[in-house]
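> Line by line, the protein sequences are chains U and S.
Mapping of the first sequence onto this note's numbering: residues 14 to 200, in sequence order.
Mapping of the second sequence onto this note's numbering: residues 14 to 200, in sequence order.
Incorrect hints may appear among the rest.
One copy or any two copies: either way a pair holds, since identical chains are not told apart in the list.
As the list claims (entries may be wrong) - Capping the alpha-carbon separation at 25 Å, the derived lysine to any residue pairs in SDA-like fashion look like this: (1) K173 / F156; (2) K15 / G59; (3) K15 / N35; (4) K15 / F31.
Worth flagging that the hints you see were computed from the coordinates, not collected in a lab.
Number of protein chains: 2
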Amino acid sequence: MKFPIVTFELPAWVNGIFSGRNTYFLTPEQKMSLVIHLAQQNSQRGGGPFGAAIFDMDTGQLLAPGVNLVVPTACSVAHAEMIAIMVAQKILGTYDLTSAGSGRYELVTSSEPCAQCFGAIPWAGLSRLTCGAPASAAEDIGFDEGPKPHNWVEELENRKIEVVQDVLLDEARAILNDYKANSRTMY
Amino acid sequence: MKFPIVTFELPAWVNGIFSGRNTYFLTPEQKMSLVIHLAQQNSQRGGGPFGAAIFDMDTGQLLAPGVNLVVPTACSVAHAEMIAIMVAQKILGTYDLTSAGSGRYELVTSSEPCAQCFGAIPWAGLSRLTCGAPASAAEDIGFDEGPKPHNWVEELENRKIEVVQDVLLDEARAILNDYKANSRTMY
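Produce the complete structure using the sequences and hints provided.
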């Protein structure tokens, strides 16, 4: 019996965004603008309206982007945050981002992480989580964010993971509302 | 800029276990025996002491096994439950297991899922979760199970996912204790 190999590959247009471009993002707003752009571009191409990226906190350099690939990969795990984590760890060759490079990496996401992605954050070795739209904004358009603990911010902070919320909130929320207005797939 | 492709492949010994073998597992104990065997074999080969599998609830046929691949893939996401979910969805070609085959699939895991894998279960389209050792058993040997809601069983049952606990509890716990006794990597 031979079980299939599972693969995740960022779409060519994601690679294209960074070709010949400055990959240093210095402020929270610059980082959030990038992941909102990823969410928007992914949505326009029929994907889920979610983008994420991992940055070196000391230099602001992009390590790995992520977009929601649930539909094209037929995999419920493939949220933008999970893709960014998997690609970042592949680049650095470690399951613990605190052990490589600067050891201080930040996950920036266009929408607050769901229960799965929240649960993945402590294992990944991330030192900061920065969110755009709150979970309620994704829920307002019909996405289920799942059963996170009510004190999820405190749970991360207790594990020395800083949490920053509501960066470019209006722009982040607009991507979700636009997705709904265009009646795209909910899953 | 070209980001790397992430791949997950079950080790050859996992494929080997099922070669020419009956892949129907009819009772909870038969299913749990299989995933405990996967956990034990993975542990003996230097992997994490965790095994999982997804079965068709109507026929008992194995759909996809999973073992913890965190160390060999250098990926914190690669818990046994996540591998089983990703392989199962790859086989059926859908991100929602309720939409394919019998539509009734069960995740059986040698240890209660951590916060990440708990959060992944509702998105996967699973209809039942069956656990061997409780989270406290993994925590007793030094694994962190992460911040799940205190009422996690109720949260799954509210989403029509049945939860069965403590199947072959002593055998499931023994794998964890053996891992600790052999001083293998904690992560």
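> Run every hint past the structure and note whether it holds.
Checked hints:
1. K173 / F156: Result: close only across copies, 17 Å inter versus 29 Å intra.
2. K15 / G59: between (32 Å within a copy, 22 Å between copies)
3. K15 / N35: between (43 Å within a copy, 14 Å between copies)
4. K15 / F31: between (37 Å within a copy, 9 Å between copies)
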